[in-house]
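There are 4 protein chains.
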Amino acid sequence: MTILNNHIQQLLTRYLAVRQTTVDICKPLQNEDFVVQPVAEVSPPKWHLAHTTWFFEEFILCKFQKNYVRFNPQYSKLFNSYYKSVGIHTAQPNRGNLSRPTVNEIDEYRANIDAQIIKLISDHTLCDEAAFLLETGIHHEQQHQELLFMDIKYILSCNELETCYSTAELSHAHTPQSSWKTFGEGLYAIGHDGENFSYDNEQPRHKNYQYAFSVCESVVTNGEFLAFLQDNAYYKAQYWLSDGWNWVNQYQIKCPLYWSYVDGKWYEYTLYGLLPLDLNNPLVHISYFEADAFANWKNLRLPTESELEIYLSSTQNMRSDPKLNTISSPKIYHPNAANALSPQVWCWTRSQYSPYPQYKAFDGALNEYNGKFMCNQFVLRGGCIVTPDNHYRHSYRNFYQAQQRWMFSGIRLAKDII
Amino acid sequence: MTILNNHIQQLLTRYLAVRQTTVDICKPLQNEDFVVQPVAEVSPPKWHLAHTTWFFEEFILCKFQKNYVRFNPQYSKLFNSYYKSVGIHTAQPNRGNLSRPTVNEIDEYRANIDAQIIKLISDHTLCDEAAFLLETGIHHEQQHQELLFMDIKYILSCNELETCYSTAELSHAHTPQSSWKTFGEGLYAIGHDGENFSYDNEQPRHKNYQYAFSVCESVVTNGEFLAFLQDNAYYKAQYWLSDGWNWVNQYQIKCPLYWSYVDGKWYEYTLYGLLPLDLNNPLVHISYFEADAFANWKNLRLPTESELEIYLSSTQNMRSDPKLNTISSPKIYHPNAANALSPQVWCWTRSQYSPYPQYKAFDGALNEYNGKFMCNQFVLRGGCIVTPDNHYRHSYRNFYQAQQRWMFSGIRLAKDII
Amino acid sequence: MTILNNHIQQLLTRYLAVRQTTVDICKPLQNEDFVVQPVAEVSPPKWHLAHTTWFFEEFILCKFQKNYVRFNPQYSKLFNSYYKSVGIHTAQPNRGNLSRPTVNEIDEYRANIDAQIIKLISDHTLCDEAAFLLETGIHHEQQHQELLFMDIKYILSCNELETCYSTAELSHAHTPQSSWKTFGEGLYAIGHDGENFSYDNEQPRHKNYQYAFSVCESVVTNGEFLAFLQDNAYYKAQYWLSDGWNWVNQYQIKCPLYWSYVDGKWYEYTLYGLLPLDLNNPLVHISYFEADAFANWKNLRLPTESELEIYLSSTQNMRSDPKLNTISSPKIYHPNAANALSPQVWCWTRSQYSPYPQYKAFDGALNEYNGKFMCNQFVLRGGCIVTPDNHYRHSYRNFYQAQQRWMFSGIRLAKDII
Amino acid sequence: MTILNNHIQQLLTRYLAVRQTTVDICKPLQNEDFVVQPVAEVSPPKWHLAHTTWFFEEFILCKFQKNYVRFNPQYSKLFNSYYKSVGIHTAQPNRGNLSRPTVNEIDEYRANIDAQIIKLISDHTLCDEAAFLLETGIHHEQQHQELLFMDIKYILSCNELETCYSTAELSHAHTPQSSWKTFGEGLYAIGHDGENFSYDNEQPRHKNYQYAFSVCESVVTNGEFLAFLQDNAYYKAQYWLSDGWNWVNQYQIKCPLYWSYVDGKWYEYTLYGLLPLDLNNPLVHISYFEADAFANWKNLRLPTESELEIYLSSTQNMRSDPKLNTISSPKIYHPNAANALSPQVWCWTRSQYSPYPQYKAFDGALNEYNGKFMCNQFVLRGGCIVTPDNHYRHSYRNFYQAQQRWMFSGIRLAKDII
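Top line first, the protein sequences correspond to chains A, B, C and D. Residue numbering for the first sequence follows my numbering, beginning at 229 and increasing consecutively. Residue numbering for the second sequence follows my numbering, beginning at 229 and increasing consecutively. Residue numbering for the third sequence follows my numbering, beginning at 229 and increasing consecutively. Residue numbering for the fourth sequence follows my numbering, beginning at 229 and increasing consecutively.
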């Protein structure tokens with residue numbers, strides 16, 4: 229074996245680390261926890277283990293390894309999520325109806341594909357396209373690591389037996405300080421900048437004319453949202469989008485997803501089990517409808533995704549750029565890619581998920597990765613506590629439907645400066 | 229330990245045997261197979277293991293064992309199926325959303341309850357009511373053994389990976405002989421007779437005026453039903469009940485449940501995997517709608533449940549009672565409880581499930597066992613290949629909804645003699 | 229025009245009278261009332277006007293009038309209800325989506341078909357089959373007269389504006405006397421007897437072995453049912469069939485169909501508008517589920533359809549037949565067709581709608597009239613206040629699904645005599 | 229009566245004209261056509277007649293006429309569409325279940341409110357707020373005139389009898405010329421400009437940074453879309469949004485809303501009845517999903533709403549502003565409000581319906597007019613053949629859900645200039 233070039237060596241190291249992390253995330257689970265799908269949007273953990281593996285098999289081994297023979301030809305259909313161009317796939321709501329392959333069989337699948345990927349890399353036959361797909365596959369698996377946390381939390385919460393992911397003890401949150409940061413009117417550059425990896429939907433970097441705005445430096449806490457709830461705002465149409473009001477009434481929504489009210493006290497289901505609601509903790513697991521209603525109740529608004537990207541990018545180097553606030557000198561602002569944040573919750577933006585100007589989807593197999601979902605989704609920004617550390621970027625565009633709540637979603641408020 | 233009386237000793241022996249059989253039925257399963265619920269009517273095997281155990285805990289230990297402390301108080305809700313009088317219960321369609329308790333935990337539950345039931349019996353403190361409930365619990369568990377076979381077959385069939393319960397080889401069926409047996413007009417006694425156990429719905433034994441009829445001595449085969457299908461009868465309204473026609477069209481029903489047509493050949497999914505359709509085998513897994521349509525297509529009809537009980541009861545001692553066919557001397561016919569049949573499929577009757585004259589539901593806890601289901605169900609008679617041997621009686625009334633197919637249901641035809 | 233034979237003359241007279249009555253029933257309606265279909269089972273009145281006319285066109289004129297040209301070929305599809313043998317038809321739930329043909333156009337259709345039927349009859353060319361179909365068509369239209377009352381009541385009740393069919397004043401009901409009538413064990417003859425018209429499902433008259441029973445001579449009143457409601461019986465599972473309990477909970481059923489509770493008082497919507505609930509009036513517009521639950525709450529039961537036919541047939545000539553109660557001499561009882569009853573409500577029976585022994589469906593076009601509905605329906609007996617006078621017979625088998633309530637359905641209780 | 233000021237006099241004239249136009253639009257209808265609601269989104273015409281009247285009663289008479297007594301207090305609930313702040317309202321899908329009030333009663337309602345509004349205006353007591361609400365009410369009624377055309381077309385199309393709105397003869401369309409118009413990169417002003425009326429969602433006028441783009445000068449024709457269909461593009465996932473692909477498959481969508489294929493020829497249902505598809509006519513009645521798929525199939529894209537506003541505004545005065553195309557001098561472009569267009573179809577944009585920067589909803593009663601619908605809708609621009617002449621503006625933002633098709637929606641293609 230010859231020496232690999234730096235980039236490939238780095239990719240291999242990251243590949244191995246990310247693959248191991250996925251397995252580690254599942255360690256606290258019982259075998260039965262890997263199988264169930266309590267609602268269509270929550271996939272069985274064993275499906276995630278297999279699907280992330282299928283991604284490497286389908287897009288790299290099948291294409292770049294000569295005479296490759298699939299581990300199991302049926303896996304092609306079973307573990308394809310939504311890539312129509314590579315064949316039919318099992319319908320998403322059926323994932324939890326399939327007891328086979330077993331978790332052990334999927335572990336074997338992972339081990340087998342890992343061995344072949346390592347061999348492919350070690351043989352240093354990786355062309356640029358394969359390297360790009362490998363890097364994308366690593367990022368893809370990191371996305372699924374966050375999904376695993378979301379789905380595991382949901383699955384464990386459905387058990388009528390008390391079940392928790394971790395038995396560690398949590399310390400209490402401190403009261404956040406609530407100050408506002410203001411940004412001036414002008415042209416800003418938005419979107420991914422630089423050589424590092426990004427998804428197609430973060431590109432191209434482009435100019436955006438922005439009016440002056442302020443963003444709150446702390447996210448909304450459980451305590452603040454409890455005040456909204458205690459004002460009976462779930463029963464007051466004036467705060468809600470029309471679709472939101474229908475949703476609240478149809479599903480009898482009365483509190484955030486994991487909250488419950490028992491014997492006069494509020495509790496929150498967490499990965500650490502059912503805990504008394506910590507009023508200083510960031511509010512999490514709310515829908516766009518609830519986020520928007522809360523902002524209306526506060527006479528404020530949700531930020532746009534540009535505003536949140538500008539804000540997030542500023543958290544390091546705003547101080548060195550005092551001119552940014554000057555309305556009279558609009559200029560292109562370059563976000564700094566370095567991320568010292570410890571993000572807690574993905575924050576809903578009022579921006580519906582749309583292509584950037586001059587957007588081009590990835591070529592080839594990954595053409596379906598992002599563009600076909602640009603309809604009836606809202607963008608969330610900022611990352612969350614279960615987002616893998618080196619996965620997040622300020623230009624990262626997460627997106628969910630307005631009623632979805634099982635992701636770690638919260639609120640950061642904004643307002644116009646007029 | 230003193231000597232138990234015969235009846236109780238016998239009960240204990242049967243209890244142990246039946247409990248072991250349930251476990252044996254599940255032996256070929258993988259852990260993951262115990263968890264899934266692909267449709268609401270198919271319960272996860274681990275639920276059956278727990279529910280049959282709960283039956284003994286709820287109705288015997290809780291009532292007859294002094295100072296009894298439940299194994300786990302939450303199991304009372306989790307494993308109650310539909311007995312409203314003993315508290316709330318988990319909704320049936322949610323059973324497959326619960327990963328906990330695990331199969332291992334349920335095994336512990338079974339072992340624990342078994343130990344306590346054995347102790348209760350061995351202490352010879354069993355009053356008559358407790359003995360009756362114990363006997364009912366044994367029969368109840370046998371019912372669930374048949375349900376386990378039904379549910380396991382359905383669960384394994386849903387896997388897109390080829391999966392089978394047994395790998396044994398099957399011999400081919402012989403061509404059945406098709407003759408008719410005729411019964412004369414008159415009064416017949418219907419319902420359970422004798423001292424042995426029966427459910428409340430088989431009682432009381434009562435007189436029924438019966439017109440002359442014939443029953444086919446063989447059940448309908450796959451080959452006969454294939455002729456119906458090949459006559460495009462699934463597309464001809466005139467053979468179908470109105471509800472049946474709607475069902476066929478809404479769900480695009482084109483063949484029996486486990487049949488499939490691949491590359492010009494018909495296959496049938498069985499507990500032995502996917503096999504070429506054996507034309508001599510009894511037709512199985514069809515709905516009432518299909519059974520009724522087939523009978524219409526044949527210009528024949530399904531039997532009533534009285535007719536089938538009379539026929540089944542006659543299979544041993546008809547020869548010794550030649551007067552039965554004489555229309556001029558209607559008389560009460562006493563079915564013989566002895567059962568030399570090797571029944572293959574439950575046969576649909578045209579009788580909707582209703583109470584017998586002067587029917588009384590069981591008193592007390594088991595009041596809900598049967599009566600509350602007497603609505604929109606059709607009776608099936610005769611037992612099937614997965615009915616436990618000493619569980620079946622000729623008076624046994626099985627019942628399912630007209631569209632259901634996952635039980636081992638088939639057709640025995642009848643006609644009027646006018 | 230020559231002289232018609234008596235039977236044909238009589239048919240013509242009845243035809244004209246029945247056709248006129250249908251029109252008269254609709255007189256109080258506004259044009260808009262003819263169009264709407266608030267739920268699938270309630271058809272627009274204009275559809276009834278056209279469908280009853282189509283029946284004569286399709287089954288008589290098209291078949292027996294030489295060179296007949298349809299009034300409008302599209303009506304064949306539009307106004308066929310469910311006769312698959314004569315071609316495709318508009319789906320029932322779409323009837324209220326069709327604004328055309330207008331009421332005026334349908335009036336023209338009626339007039340045109342009437343003229344041709346009269347001509348056909350007057351030309352005394354009516355063969356026996358045509359005469360039978362004509363008679364059936366008359367009975368069919370009478371069935372739709374009752375349906376018109378049911379549907380009109382439902383349609384007017386849906387208006388948020390107060391709307392009533394008649395503005396006449398109602399006198400109050402007297403307290404009914406509640407006595408029981410007992411019938412002895414034995415063989416009874418059930419089913420239509422005699423030469424007069426009946427539907428196929430009332431035939432053949434046959435022997436039925438009946439155990440001793442009593443029937444209450446008065447139907448259940450609003451006051452009696454209010455006591456059930458006030459005992460919170462809608463919230464007590466033990467009284468309900470399993471399907472009934474699901475229905476009550478899914479649709480949040482809390483009272484009979486047309487009842488409402490306003491400012492501490494109960495009201496009932498009637499054809500005379502919204503009136504305070506008259507406690508002495510017969511209870512009406514309840515489902516089988518409610519009827520069965522009420523009987524359970526009373527520790528009584530609903531009668532079988534045989535029992536109700538025996539009871540109804542006895543209301544005239546029971547007194548002259550004192551031996552009927554003697555268990556020791558079971559005998560065939562012949563109901564008297566003469567009907568002096570003024571029936572108020574159709575009474576639910578516990579009998580699911582099934583074919584009589586040796587039942588044969590009508591031949592030919594009307595083969596679909598009854599038999600294909602023998603599934604998941606319960607029989608009601610006795611006629612009601614809106615049943616046309618000369619339409620009802622004691623052998624008449626009405627049938628509805630267990631959850632339906634918009635017909636004039638009520639309760640007559642029964643019990644075993646043991 | 230004293231002389232009214234000009235503005236008020238003008239308002240009165242427009243009020244009378246618009247009210248009359250609404251009545252004129254309904255002239256070809258039969259009474260029955262006013263009543264039906266074949267799908268939830270299509271309201272009965274009589275509801276539109278009443279709701280537009282209610283708008284004036286609720287927001288003007290109730291507020292500004294002293295001691296005003298409502299025409300009928302129940303109309304407040306019946307004809308409120310979605311204004312939660314003024315009380316409960318009838319659920320939208322129930323509109324077609326209500327036969328009352330009749331069309332005649334609604335005509336009386338219209339006449340009565342008109343008389344009172346005329347009196348209120350003539351008494352020249354109209355404050356600014358009332359004048360604004362009156363003007364808004366006139367625009368609101370014009371919106372409903374377009375909705376009336378949409379709903380009438382849908383209602384008539386549902387009739388299985390051939391039914392048309394007009395029997396006039398149509399001339400054939402000419403082949404459109406297909407050229408592209410290009411706009412340069414730079415800052416453009418977007419949104420309503422000037423003193424004339426506009427809705428809150430068109431405001432405020434704001435700067436938007438725009439990259440260079442071209443817009444096709446003709447809209448897509450039936451012929452162009454037929455080529456897409458004939459390429460089997462409805463069956464090729466690669467052209468469709470993920471939600472669009474699900475929609476196509478769930479509802480078995482195979483062509484635009486009013487197209488049908490009979491005996492080898494394509495037809496289009498129009499207000500003039502069913503006509504052979506005119507290949508030169510603009511494509512109309514398609515969903516966003518179909519518009520987006522068509523653009524993808526063409527390797528082009530839909531315009532953003534800014535692009536379409538820039539294009540539409542340019543159709544008059546582009547020639548006098550040659551610098552607009554110069555990328556090196558981005559400048560604010562002021563659309564000319566004058567509209568010489570004869571727009572044919574509303575064109576889908578890829579812009580999801582969101583608030584403009586610094587958007588403020590109308591104060592008071594009309595706060596709910598627009599903002600609460602800014603979720604899961606796409607913007608359409610340009611007006612259509614049934615848009616009232618003096619109602620349309622280039623800044624006008626129409627919006628519908630991605631699957632909706634019953635509005636007069638079509639396609640104008642765009643592309644990037646890079």
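Any given hint could turn out to be false.
Identical chains blur together in the list; that is why a pair holds if it fits in one copy or across any two.
Claimed, not checked - In silico lysine-lysine, BS3-like type, Cα no more than 27 angstroms apart, as pairs: (1) Lys347 - Lys291; (2) Lys409 - Lys482; (3) Lys493 - Lys255; (4) Lys588 - Lys464; (5) Lys482 - Lys305; (6) Lys409 - Lys294; (7) Lys305 - Lys291; (8) Lys435 - Lys493; (9) Lys493 - Lys588; (10) Lys526 - Lys643; (11) Lys291 - Lys482; (12) Lys643 - Lys305; (13) Lys312 - Lys588; (14) Lys588 - Lys435.
To be clear, the hints were calculated from the coordinates, so they are not data collected in a lab.
Next item on the list: Pop the pair Lys312 and Lys588 into one bin, within, between, both or neither, using alpha-carbon distances up to 27 angstroms.
Entry: within (19 angstroms within a copy, 43 angstroms between copies)
Notebook entry, point to check: How would you label the pair Lys347, Lys291 (within, between, both, or neither) given a Cα cut-off of 27 angstroms?
Noted result: within (15 angstroms within a copy, 65 angstroms between copies)
Margin query: With identical chains, the pair Lys588 and Lys435 could be close in the same copy or across copies; at 27 angstroms between alpha carbons, which is it: within, between, both, or neither?
Written below: For Lys588 and Lys435, both the intra-copy (16 angstroms) and inter-copy (25 angstroms) Cα distances are at most 27 angstroms.
Margin query: Cα distance capped at 27 angstroms. Does Lys409 pair with Lys294 within a copy, between copies, both, or neither?
Written below: Classified as neither; 56 angstroms inside a copy, 49 angstroms across copies.
Margin query: Within a copy, between copies, both or neither: which one fits Lys526 and Lys643 at a CA-CA cutoff of 27 angstroms?
Written below: within (11 angstroms within a copy, 41 angstroms between copies)
Note to self: I want to check one pair: Lys305 and Lys291. Are their C-alpha atoms no more than 27 angstroms apart within a copy, between two copies, both, or neither?
What the structure shows: within (17 angstroms within a copy, 52 angstroms between copies)
Item checked: Alpha-carbon proximity context of Lys482 and Lys305, limit 27 angstroms -> Between. Shortest inter-copy distance 25 angstroms satisfies the 27 angstroms Cα cut-off; intra-copy 40 angstroms does not.
Note to self: One pair to classify: Lys643 and Lys305, alpha carbons no more than 27 angstroms apart. Within, between, both, or neither?
What the structure shows: This pair counts as neither: shortest intra-copy Cα distance 48 angstroms, inter-copy 36 angstroms.
Check: At most 27 angstroms between C-alpha atoms: does Lys493 with Lys588 qualify within a copy, between copies, both, or neither?
Finding: neither (51 angstroms within a copy, 38 angstroms between copies)
Checklist line | Within, between, both or neither: Lys588, Lys464 at alpha-carbon 27 angstroms | finding: between (42 angstroms within a copy, 20 angstroms between copies)
Check: Between the shortest in-copy and the shortest cross-copy C-alpha distance, which are at most 27 angstroms for Lys493 and Lys255: within, between, both, or neither?
Finding: neither (32 angstroms within a copy, 46 angstroms between copies)
Next item on the list: Give the relationship of Lys291 and Lys482 under a CA distance limit of 27 angstroms: within one copy only, between copies only, both, or neither.
Entry: neither (50 angstroms within a copy, 34 angstroms between copies)
Of the numbered hints listed earlier, those contradicted by the structure are 2, 3, 6, 8, 9, 11 and 12.
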